Amino acid sequence: MEITIMKAVLEENNDRAGEIKELLNKKKILLLNLISSPGSGKTTLLEKTVEHFKDKYSIAVIEGDITTARDAERLEKYRIPLVVINTDGACHLNSMSIKKALMQFDLDDLDIIFIENVGNLVCPSEFDIGENAKVAMLSTVEGDDKPAKYPLLFRESELLILNKMDLKPYTNFNKESFYKDLEKINKNLPVIETSCTKNEGLSGWFEWVRRKAIDGGIRK
Amino acid sequence: MHELTVVSNIFKIILETAESNNLSKISKVSLKVGRQRHLAPDLMKFAFDSVSKNTIAAGAFLDIERVDIKMKCRSCGLEFTVKDNTYLCISCDSAELETISGKDLLIESIEGEV
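As they're listed, the protein sequences go chains A and B.
Sequential numbering of the first sequence, starting at 1, is according to my numbering.
Sequential numbering of the second sequence, starting at 221, is according to my numbering.
Source of the hints: derived by calculation from the structure; they are not laboratory data.
Computed from a prediction, not measured in an experiment: that's the story for all the values here.
The beta carbon of each residue, even a glycine, is placed where N, CA and C say it ideally should be.
One should not assume that every hint holds.
[What the hints assert, rightly or not] Derived pair list, reagent style DSBU-like, types lysine-lysine, alpha-carbon separation capped at 35 Å:
#: 1; chain 1: B; residue 1: Lys265; chain 2: A; residue 2: Lys28
#: 2; chain 1: A; residue 1: Lys149; chain 2: B; residue 2: Lys245
#: 3; chain 1: A; residue 1: Lys149; chain 2: B; residue 2: Lys303
#: 4; chain 1: B; residue 1: Lys323; chain 2: A; residue 2: Lys100
#: 5; chain 1: A; residue 1: Lys184; chain 2: B; residue 2: Lys292
#: 6; chain 1: B; residue 1: Lys265; chain 2: A; residue 2: Lys7
#: 7; chain 1: B; residue 1: Lys290; chain 2: A; residue 2: Lys149
#: 8; chain 1: A; residue 1: Lys77; chain 2: A; residue 2: Lys56
#: 9; chain 1: A; residue 1: Lys54; chain 2: A; residue 2: Lys99
#: 10; chain 1: A; residue 1: Lys180; chain 2: B; residue 2: Lys290
#: 11; chain 1: A; residue 1: Lys7; chain 2: A; residue 2: Lys198
#: 12; chain 1: A; residue 1: Lys77; chain 2: A; residue 2: Lys26
[Said to hold, decoys possible] Listed next, the stretches of chain B that the computed footprint assigns to chain A, with coverage defined by at least 3 CB atoms under 8 Å from CB atoms of chain A:
#: 13; region: 250-259
#: 14; region: 286-299
Isolated chain A (complex conformation) (with noise of 0.2 Å):
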């Protein structure tokens, strides 16, 4: 016999995010993924988005590990609420984990969460965890045929952020080749240049947040 299921596969993920974005939106909480591979400066991006907004925002962290508390750690100096999600192996966050980290935070005091997701161009992309928006980074090492290869991050982010622009030189990263293709795939998704390091660029990325903040309905 046949049954008839019609059923979304990742319904139970799809509920959480919902229950999120309808939690946070309560609390007036912006919460942003970052979404990159290993090695292309989330957490360098972080540590300077931290230390810019120290005084206007209330910030907290989700770091999504597979194993260890590294990124964390990088971080605990800025005193800031930090919740790490080691991941046990899996390969992108899920909204449920999510769920569970946000209740060990005060989130009548805070108005910006970042979640530092898995180091991972596939997986973390094809799964809503309730935020306001997805920002994927690419750096100029990782090679400029990346949105190519791996569209649906392209497609699912608000924000592309370039980074490691000072290594450019130093790699075949072409910049031509590189738009174009991010033209097929989204003509519209912004792309802001930075080398995080070097503190250069940074300052679209502090607007760009401003902005969502701001559209989110967070004073200041």
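Using the hints provided, position chain B relative to the given structure of chain A.
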């Protein structure tokens, strides 16, 4: 390898369905998977075989229908299928598009015996 997460979810849902319909065996699972998703059918089948081992779904056939990426242009209204990862209207070149399909990830039905 998020195929394992996806397949584990599928497995949970079909087992619940089988139980509430008193099935003793699941022989086929029909799925719809949009082409926009980075999901490899072969890996899904491999993951399904591992997860379903020694259960009533063991050996079930995973019938995966790939769903084309379809967009509707917000400028000229044309509906078209996205090819070669080009998300631009094939008529007016606009990038203002609305997704019709392509991100689907759906369990349609199962077949089995009581």
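Violated hints - listed by number, lowest first: 1, 2, 11 and 14
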